[in-house]
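Going down the list, the sequences are from chains A and B.
Each step along the first sequence adds one to the number in the numbering used here, with nothing skipped, and position 87 is 87.
Each step along the second sequence adds one to the number in the numbering used here, with nothing skipped, and position 13 is 13.
Hints are computed from structural coordinates only; laboratory data are not their basis.
Where hints are given, some of them may not hold.
[Said to hold, decoys possible] Derived contacts from chain B toward chain A, CB cut-off under 7 Å, selection only:
hint: 1; residue: G119
hint: 2; residue: S125
hint: 3; residue: G130
hint: 4; residue: G131
hint: 5; residue: T137
hint: 6; residue: Q241
hint: 7; residue: K243
Even for Gly, the Cβ is constructed at its ideal location relative to N, Cα and C.
Next come the chains, spelled out residue by residue.
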Amino acid sequence: MPKGSFRGGVHPPENKERTAALRTVVARRPSQVVVLLHQGSNCPLTPTVARGDHVRMGQKIADTEAKWGVPSHSPVSGKVASIGLVRTAFGAQDQAIFIEPDGEDVLDESCVPVDNVFSQPPEKLIEIIREAGIVGMGGAEFPTHIKLSLPPKVEVDTLLLNGAECEPYLTADHRLMVERPRDIVRGAQILMRAISVMRTRIGIEDNKPDAINAMRDAEVSAAGVEVVPVKTRYPQGSEKHLIKSVLGREVPPGRLPFSVGVVVSNVGTAAAVSDRFDRGLPLIERVVTVTGSAVATPMNLIAKIGTPASELIEACGGFVGEPGKIIFGGPMMGMAVPSADVPTGKGTSGILVMSQEESVAFKEMPCIKCGQCVDACPMRLEPAFLHQWSGAGLWDEAEAYHAMDCIECGVCTYVCPSRRNLVQAIKRAKFEISARRRAARERGGK
Amino acid sequence: MSSLSALLSMGAMGLIFGLSLGAASKKLAVDQDPRIDQIMEVLPGANCGGCGFAGCSALAGAIVSGDAPVTGCPVGKSAIAEKIAKIMGVECAAAEPKYARVLCRGSREHAAELYDYRGIQDCRSAQITGGGAKVCTYGCLGLGSCVAACPFGAMSMGDEGLPIVDEALCTGCGKCVAACPRQLIELRTASESVNVVCKSHARGPEVRKACSVGCIGCGMCAKNCPEKAIEMIDNLAVIDQSKCTRCGLCIEKCPQKCILDFAASGEAAPISGKKAAV
């Protein structure tokens, strides 16, 4: 196995060329922003504003007492039009705050840069990161302050920044690394201070030489920060695989990266951290790649979080022909959304619009036991068997076959010649196993 | 000569083992209540688990030890409960059998679809990956997880995309109730026949956008019920079955036609097969 790689995986057509060289453009102000009250984690947020209130840009508009929750901030200044249900990227309906921008974009007085960052205690830095509503921006929206609050007795020596961006089509992180490398390094230094480590590695796939060069130029100024080019292979951007590729360490099944002394964070998250400390801005905007064969002029847009997808697609010249499928995220792990009105969230790195010819439905055929999914699975699972257990409702067997270690990268479904819905079946198994574990915990707790 | 010695030694060994096994069975005999076997005989033996125990023999043991009532078998209904009561030597209040009622009428024709679902044909899989393809977030997804869960072949998927319960075969075991990710199936006795066939708590305008036969929460039924048996809870009419006299006034008044008398209505109800005598 070559260095900078891992076992399994695939290399699908990258399709990044339409946006990889385009400078990010600030999207025009949306006509409405929709801030979800379920963002970042599973904790529902409670609105701290009411209908009709005037809010300023960066003002906290929802928060929660729960440890895992992070607050949400108004991405624009304007009036709270309503608080009600909206259809989310997951198809369900969820509570959200609808804000009508007034066009002023007056910044809230709470948005001030932090002085003397490096004389603050780590706990204080983590608290500021939570208050800024920062979550993992690679797509999973895992709350960053939880990641940084390491359990006692855990020894961590490295911060690993994830600049792999292995998903086809997406170039949001790529452009961020080319255009704002110093901010990313600055964010990394703050994160290093928060978890008290002296070493940062930035893993970047070798299909992005300009990003590697830009980050290397910026890294020179910072002690302990080093760029590590890794092989272009999906799912290189999965944190466990990036740890293997960059540091040669393997995270045991069911464990988290800190068990091998690493905290992994997306480059976008590092940039968001620097935005908070140096510019005073909480997480209210992000880079979104709008691309796909059914988009007129694909672009990388700096979009307010909560902008409906339709407005971003319009900013890119609208649809070409009849769109077949709109996907939030990349084609491998992204979610097909039910309509273009779905608002973007903190983890929406891309909006991919496929044409009708591309979004064909395949008929699921019987498993021919070819074993391609087993060869390709980067987690060394046996997706074909997991599909069988899941289909028969045999959750104990699925658990014994390590269904819970599946990272849902979609490689098995991608390679399956019988077009079986392997990931969906495993997702179902994970859902049932989690529900049973929860029930067992509750029974044990009584 | 050699065959004779073989026969003799095998015979002797057989005799010794037989005697010791016989002695052991007397000495180590476990006293089992004979009623367990008797109850096992009258139970259906399908091991469906509808009673909540791990099969029929577990239920039989539980009935004898007093952990389960004589009416514990939901499949056998009153006929079997009476036989069990006789074995146990107790009186058995005739329990009214229950049937599965699908409380949604959002067929393909009535309920709007949100997107084209192409994944695994199973309701819970559809629910957890895409939230379900219907605009209504409460209604039947029509992929037949309940049909697949029914151990008695009492359910089938109708042409309209709604499950159909055959009351002649339904035993009220409740497997379908557990299988439905949207909790649309409930067990009701034959006399609890007037039901609101909608579970949507959405507000009226949203319901209208999603479905033409959904409860819009107008409260006409509650206002008109002479027995005050209907209460509006969170935009949905809920019938108190203990007060309902099945007068049928609510069914007449409902503008969305989402209250049904399962015992009386023929074609409108998502129920086929023989109707239970009431």
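Verification of the supplied hints:
1. G119: 5 Å, holds
2. S125: 5 Å, holds
3. G130: Holds, because the Cβ-Cβ distance from B/G130 to chain A comes to roughly 4 Å (cut-off 7 Å).
4. G131: With a closest approach of 3 Å, the B/G131 hint holds.
5. T137: 5 Å, holds
6. Q241: Violated, because the Cβ-Cβ distance from B/Q241 to chain A comes to roughly 30 Å (cut-off 7 Å).
7. K243: Constraint on B/K243 not satisfied, violated at 33 Å.
Going down the numbered hints, you'll see the structure goes against 6 and 7, while the others check out.
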